[in-house]
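Novice: With the hints as a guide, dock the two chains, each given alone in a separate frame, to form the complex.
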Amino acid sequence: MSKPLYYHSAEELVALLNKKVISSVELTRAVIERTRDVEPKIGAFISVNEADALKQAEASDKRRAEGRTLGALDGIPLSPKDVLADENQPLTCASKILKDFISPYTGTVMQRLRNAGAVIWGRLNLDEFTMGSSNETSYFKPCCNPWNTECIPGGSSGGSAAAIAAGQTILALGSDTGGSIRQPAALCGIVGLKPTYGRVSRFGLAAHASSLDQIGPMTRTVADAALVMEIIAGLDPHDSTSYNAQVPVYREALKAHAHVPKKLGILKEFFGDGLAPDIRSVVEKALRFYEKQGCELIEISLPKTTLSIPVYYVIATAEASSNLARYDGIRYTHRSTKAKDGIDLYRKSREEGFGSEVKRRIILGTYVLSSGHYDAYYLRAQKVRTLIRNDFMTAFESVDAILCPTTPNPAFRRGEKLNDPLAMYLEDIYTVPVNIAGLPGISIPCGFTTNNLPVGLQIIGKPFREEEILGIAQTFEANHPFAQQTPIL
Amino acid sequence: MFETVIGLEVHVQLKTKTKMFTRAPYRYGCEPNTLTDAVVWALPGALPVMNREAIMQTVKAGLIFDSEIADICKWDRKNYFYPDLPKGYQISQYDRPLCRGGTVEIELAGSARNIMGTHRKVLLNRIHLEEDVGKLTHFDQESLIDYNRAGTPLAEIVSEPDMHSVEEVFAYLKSLRMHLLYAGIADCDMEKGQMRCDANISIRPKGETKLGTKVELKNLNSISGVCNGVKYEIQRQTDLVNSGGRVVQETRRWDADKNVSLSMRSKEDAHDYRYFPDPDLMPVKISQDMRNALRAELPELPFRKQERYQAELGLPFTITSVICPEKDLADFFEACLQRNPKPKEIANLVANDLLRELSQAGDKGSLPIADSLVKPAHIAELVGLVDSGAISKPIAQDVFKKMFASGKMPAVIVREEGLTQSSNTDELEALCQKAIADNPKAVEQYKAGKEQSINALKGSVMKATQGKANPQMIDVLLKRLIK
Chain A
0 MSKPLYYHSA EELVALLNKK VISSVELTRA VIERTRDVEP KIGAFISVNE
50 ADALKQAEAS DKRRAEGRTL GALDGIPLSP KDVLADENQP LTCASKILKD
100 FISPYTGTVM QRLRNAGAVI WGRLNLDEFT MGSSNETSYF KPCCNPWNTE
150 CIPGGSSGGS AAAIAAGQTI LALGSDTGGS IRQPAALCGI VGLKPTYGRV
200 SRFGLAAHAS SLDQIGPMTR TVADAALVME IIAGLDPHDS TSYNAQVPVY
250 REALKAHAHV PKKLGILKEF FGDGLAPDIR SVVEKALRFY EKQGCELIEI
300 SLPKTTLSIP VYYVIATAEA SSNLARYDGI RYTHRSTKAK DGIDLYRKSR
350 EEGFGSEVKR RIILGTYVLS SGHYDAYYLR AQKVRTLIRN DFMTAFESVD
400 AILCPTTPNP AFRRGEKLND PLAMYLEDIY TVPVNIAGLP GISIPCGFTT
450 NNLPVGLQII GKPFREEEIL GIAQTFEANH PFAQQTPIL
Chain B
0 MFETVIGLEV HVQLKTKTKM FTRAPYRYGC EPNTLTDAVV WALPGALPVM
50 NREAIMQTVK AGLIFDSEIA DICKWDRKNY FYPDLPKGYQ ISQYDRPLCR
100 GGTVEIELAG SARNIMGTHR KVLLNRIHLE EDVGKLTHFD QESLIDYNRA
150 GTPLAEIVSE PDMHSVEEVF AYLKSLRMHL LYAGIADCDM EKGQMRCDAN
200 ISIRPKGETK LGTKVELKNL NSISGVCNGV KYEIQRQTDL VNSGGRVVQE
250 TRRWDADKNV SLSMRSKEDA HDYRYFPDPD LMPVKISQDM RNALRAELPE
300 LPFRKQERYQ AELGLPFTIT SVICPEKDLA DFFEACLQRN PKPKEIANLV
350 ANDLLRELSQ AGDKGSLPIA DSLVKPAHIA ELVGLVDSGA ISKPIAQDVF
400 KKMFASGKMP AVIVREEGLT QSSNTDELEA LCQKAIADNP KAVEQYKAGK
450 EQSINALKGS VMKATQGKAN PQMIDVLLKR LIK
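Protein chains in written order, with numbering that gives the first Met the number 0: chain A, 0 to 488; chain B, 0 to 482.
So here's chain B without its partners, still in its complex pose (with noise of 0.2 Å):
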């Protein structure tokens, strides 16, 4: 039996305006080479000059992740020749990486979709920045570059080998993500190139301390092209072992469409980087002040969330799971609290009903919730109406609906419509009197011991009032005039 190693380095394009050494803007899906300027060129003469929010961003990332951030970091000159890299090399750091060590907490699936898995930490080794490379397109005869992206910080995430399933690497990378999306770091879109992996992967002997021999796994896509590549890795590797073959040193290139690693480069033709301290560029001091002051803007990060909104909120774990992974729902969950402190029925709402009116309204995919005409204000009103019993919460789901498509507040629509629950008590107990004497036989069964029988008795009165009885009191009126 074996045991996989698996180790993650992930690259995260960085939230910044501009470029990581220059004043050139960045935003993905420009007319390509236009986003350009002498330093992105590497024209003779040109020099690079520090992205202080770049800095800033990936320093939050090493708080979040509880890294230790260096005191002092440098930049090194990474020398390679390749098309995409304009200067011959790339600035990255080398030997004193911006943040060092530090943990990534990760969350199994659960054996249920009500049911909490089991959270563990990732060992980190370092995170440091560097500056992306531009784009190639190949063609037959002729390959095209597009410079735009070249330039663009990148903060590289390296783990240590600490996973061994295909299901924790999936755990880790959705870890990931959230917690970079929940900092405003990163938009972390695998399919534009906002957050790219490569695994090395290893296998063992179970019980065995040693690491086995790693192969490299590059090109990988997306989410799922990273949990493919890694199957099949560990898969081709424990094959090899079995049959009796030994696993090389190698980088190896996943192919998606084939379903296939294929090797690249063997560990003999490595490259010499020839590493050395960028002397255009000035070693960075981060200061205790600039920490702290980084470390304020944090947010609450999602599993504290999720832990606090279960233990204070009394919320379920399948509605924490749904709102605590995504800030903007979480944000818009608590400003809907600060109005209406009634968390369930709020939730609930957010959780079922805006959720599913907003994935259905986006022309392509889900509508994002800054978007959405349901503000805060609108959720509190209408969990309000409910709860005074202003309208009952079949009216509320058609007032939902309402709402979301115009924008108008609850209270409005109620009114704009004659939606108000009928509490009138002399009106009801007339309709709940025909209601009996219409259905005898219903009468009869439930007098038997059948409780459920008053069920119909209930939904006769809903008709005739078109739902706007509040319910309560016909279920008393009802027991009331049986007796």
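Bound conformation, chain A alone (with noise of 0.2 Å):
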């Protein structure tokens, strides 16, 4: 074989899987010995289950020869964002005051997956909380970026992001609240896909955002998005606000779309000042192979979208101040030593456990949510919410979908922006607005800056048209094969 086997779509394993190629537990042994020897480099993962995941493997292997798998990942290791709940696994949320924690329940996309027979390898690190754009922010260590590792990955899913591009996995899972999935999987070069909110259940994911959080796959390809979105779309009884839609089969649905003139919107404004001038040629390539495709390109302005950032950081960090509230010393967090009473007991567990960029969060929403501010931000902010998605709603009745860059700038050098939040938050500038909106957004690797970083493309959708910007995608990605490139370590 000319790839290494960690570097696989897992489309492309399963066929091997099925043909007895190879087995899961070879699969998972490779997995786990690419990890061994790049993870010092890189830091993806907060904890490994490697005798566990070998386990598991060697059960998938068993009912293969029994003719009996599960369904369509059956042996195909599976990486989770350390945000996720799975029953008797690690779930630190890269914070202190969850280090030592073990999860006694199983969340919903993580019993779908281990249903279909994913084996569920590690838990990937990310910014504390998921705040951050950088994973720098982690308790644990920070993560780095594969294709230069000075650089960071991304956040807040920058574990998920470097670890399929370092092949230590080959699926990942993600959450994204203003970005966090797509903008790592673009600084990485990777596909990143934020469903649609509602699309897929929040059940068992830690809350950071509940109004803006969604689970999403991280994939080396466009069709291995489309195959984990298939296990874990739809309707969940165990949150109120998942969707109950119908939930396609992505990887079929998605040719409906493939390679089809579309009316792609150009947004303006995300093409303005503060785009890299690399990033932005690169981007426009893009643009223009779509347009050689048949694609009528429209220029559309969505001025609203301009204020996203100040509405999110109001929406996101009052959202954030309560859920995090549960975190308090009392029940199975980290729990301060040195506390004098009861008051102090939460004090100082909380002053202990959170980082500060959690705790410079927590006391923004909780002054955005305080008697005399409720109004004037958090009120203004829902308002303002509601035009920016009416105005991409009235866009989307003359375009099919919507291109941008996914980022700014390429990867950064690590340190460079950890001081300055308001330099970090301007990151999510394109992706932040689709959140606000609660659409469906895509990152995928669409070329390299002159110093070869990876560079996004961000295809934004209709509501629950997840085929569709799948489909778009997919057109790119098969004349721009950039899973074969891979980089050095």
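It is possible that part of the hints are untrue.
[Unchecked claim] Some chain B residues well away from chain A (every beta-carbon gap over 12 Å; in silico):
#	residue
1	V4
2	H10
3	M177
4	D271
5	R303
6	L336
[Said to hold, decoys possible] Simulated pairs of lysine-lysine, DSBU-like, Cα-Cα distance not exceeding 35 Å:
#	chain 1	residue 1	chain 2	residue 2
7	B	K77	A	K339
8	A	K347	B	K77
9	B	K266	A	K347
Hint data in this document are derived by calculation from the structure and do not stem from the laboratory.
Even glycine gets a Cβ: it sits at the ideal position worked out from N, Cα and C.
Specialist: Written out as structure tokens, the structure reads:
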């Protein structure tokens, strides 16, 4: 084989497993060994479960030998971001406050993947409680970009993106509140899909901002993202915000949209100042490709999207301040031993347990919800949110999807923006509006900067039309097989 | 002179199988921390899912009290830290409660036990739904938390400041409890914490229309606690103002053991709860169909039932005031009535004999009527036996006790024990003649116009028949024979 097993797509590997060319144990061993080799340079995993993963792989091989495989992912290693509850597995959220927490229950997405036979491998690194765009706020360790280990992998799902890019796993899950799947996918040169809000159950996802969070696949190819979506999408009685709509067989459904001339909106506001020239030229080249494929490029303007970052930092911090209140030192979190009394137990446990970015956002969120400020901040932000969504929905009357860069800059150096939160927040300027409007968005690799850092193309779709943006993504991927390019480690 | 103004916030635990936002079950009195799950513990990633039954129960309460039912209501988070609150926020309803306005009809005590007191309607502000918190138990060095109760559905019934005396407060709580029990919405046992009450109390000079500074009184754990607490607080405020002081806005805690209220926190220390809509839950639509269906399920309400019993069945207040407040009893009565339409006779047996036996039968307090061996069929049959002259009233009393103990049908008891009333005229006539012969003095007195003297003769005949003689028949026979 020309390329190592660990750089194959899940789709290819399923075929090899079915043809008995390889076993799940071999495959699992390949990602374990790869991880042993490169993990010191990357830091993608917060914890690993080598023996347990191999046991799962053995069970899968046994099932396959007996002709009773569980589902489309049987035997394929899949690694969750360490924010997804899975029984008897650690669930740290990359925070000291949960560093010793073992989840006593399994959330919906993890249950569905286990039911489909996936080999659950390790727990992936992230920014603490998903708050960050560089994976530098992890309590455990930073994660590095496999394309340049001096650089950040993006965040918050930095571990997921890096692990795919470095061949440490086959499939990964991320979560996306303001770009946490798409931004690291872009910076690490992989595929990352944030589904429509409500498409995938959040039950079992440690909440950051409940009205924005979605779990999504981070994969080497568009088809792999579709494959994971087939398993994780759909109504869940445990999540009142999950949506009751038919789940397509995405790998089939996307074919109706691949290589089909589409009306593609080019969002003017996202090609303005602040976009790195390197990114602009690569993305514009991608746009010209679509034009050549017969797509109609239509320039659109959504001026209210420029308000997305302030709206986001009001809504997301408000919800987070409330969502993180449960980590209180009382039941299962880190508990300070220095507390003088009950109130002090809360104060000290949280003071010791949370990192500074998390504290910053809790304070911001508490402030915007305080009496006397609620109307000026939270209520107003919600109103603007509606306007932003309406803007998008109007645009979708004349276009099928919207194309833009995923990030304004390529991966930056570790430490470069850590002390400049505003600069860090602006890295999500093109991804945040998609969460604000609740839309699906995918980032696919579309080229490299002159410094050989990956560039992501973001495709934003209509609500619950993931198959359409997957199809548009595949049109590009078919002619630009970036998954074949791997970083030198 | 001062006027007292009181508003009550009453929390009522709804009778649902599972908790407000999860399928974890709830029952009173289980091993601590056994009725929990990921949602109750507020584990990372756990999400609330609304209990539809709790919504329906609360809508029912709103319909009973003539509240306006919201077309759409929503859920809000009330944020604060306390160890009994696992999520660090309570899911409640802030600005769009399920029910708005309404009234609770209350009955004040009458001037005597057999006289109906005045009725008036206390205005409601709202009824909303929320989730309960866990239970803390404090020791010297540590505190224990039981999360069994955490997350159970609570309806908060908020009155307007529309009560003016302890008596009204008592009548209000009694009426709330009666109505909620009637509709099967809640059990309202204050000892079990199924009904809890906070009171907002202020005083103002008589004639003044502006409200005085209010004090919120908490920890009122029983109906007598509420009454004592409110009474104490009215006196405290009155004394304070009379001695030249001013009432400050604060929250006070009632200490039932010491019979005093103590300051908990002042207005300045009040929490900022940072309410905002819960993004994990969708707003709830209450359709007209649902409202209609729930309205159709409502039982006849106790005060209306009482009016009907008095007007249509001719029952006295002394009886209706016993039967109507308890739905089980009223249902029992009506089931008897369906079998034998003799309201007065049946009501007497139910309100007197049955209740007396029940009150003596229970291990702890009264035996519930559902556990009684005497069913409506027994009562209906017993009334029939008396009515047809088969047995006498004194015998009926005896039969009642026997059927209460054994559950046997009254006719069976009468047959087995040979209790049938004697109406054999010849036999009775002979006994009457003997009684007249044996009691010449009584006969003479009767003839002289002392009518009750005949009772001695009757008693003698009854004694001779062991109570089985038909009293009316003896009366007729004796009077004829003496003439």
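Novice: Look at each hint and say if it fits the structure.
Specialist: Quick rundown of the hints versus the structure:
At the 12 Å boundary, the C-beta of V4 of chain B stays outside the reach of chain A, the nearest C-beta of that chain being 26 Å off. Listed as outside the interface, H10 of chain B is consistent with that label: its C-beta sits roughly 22 Å from the nearest C-beta of chain A, beyond the 12 Å cut-off. The beta carbon of M177 of chain B is kept farther than 12 Å from every beta carbon of chain A, the shortest such distance being approximately 35 Å. Remark: the non-interface label on D271 of chain B conflicts with the geometry, its nearest Cβ contact in chain A lying 5 Å away (cut-off 12 Å).
Residue placement check: R303 of chain B keeps its beta carbon more than 12 Å from all beta carbons of chain A (closest about 39 Å). With a least beta-carbon separation of about 46 Å from chain A, L336 of chain B lies farther than 12 Å from that chain, consistent with its non-interface assignment. Restraint check for K77 of chain B and K339 of chain A: the C-alpha separation of about 27 Å stays at or below 35 Å, so the hint holds. Only pairs whose Cα atoms come within 35 Å are accepted, and K347 of chain A paired with K77 of chain B is accepted, the gap being roughly 23 Å.
For the proposed pair K266 of chain B and K347 of chain A, the alpha carbon gap of about 27 Å is at most 35 Å, so the pair holds.
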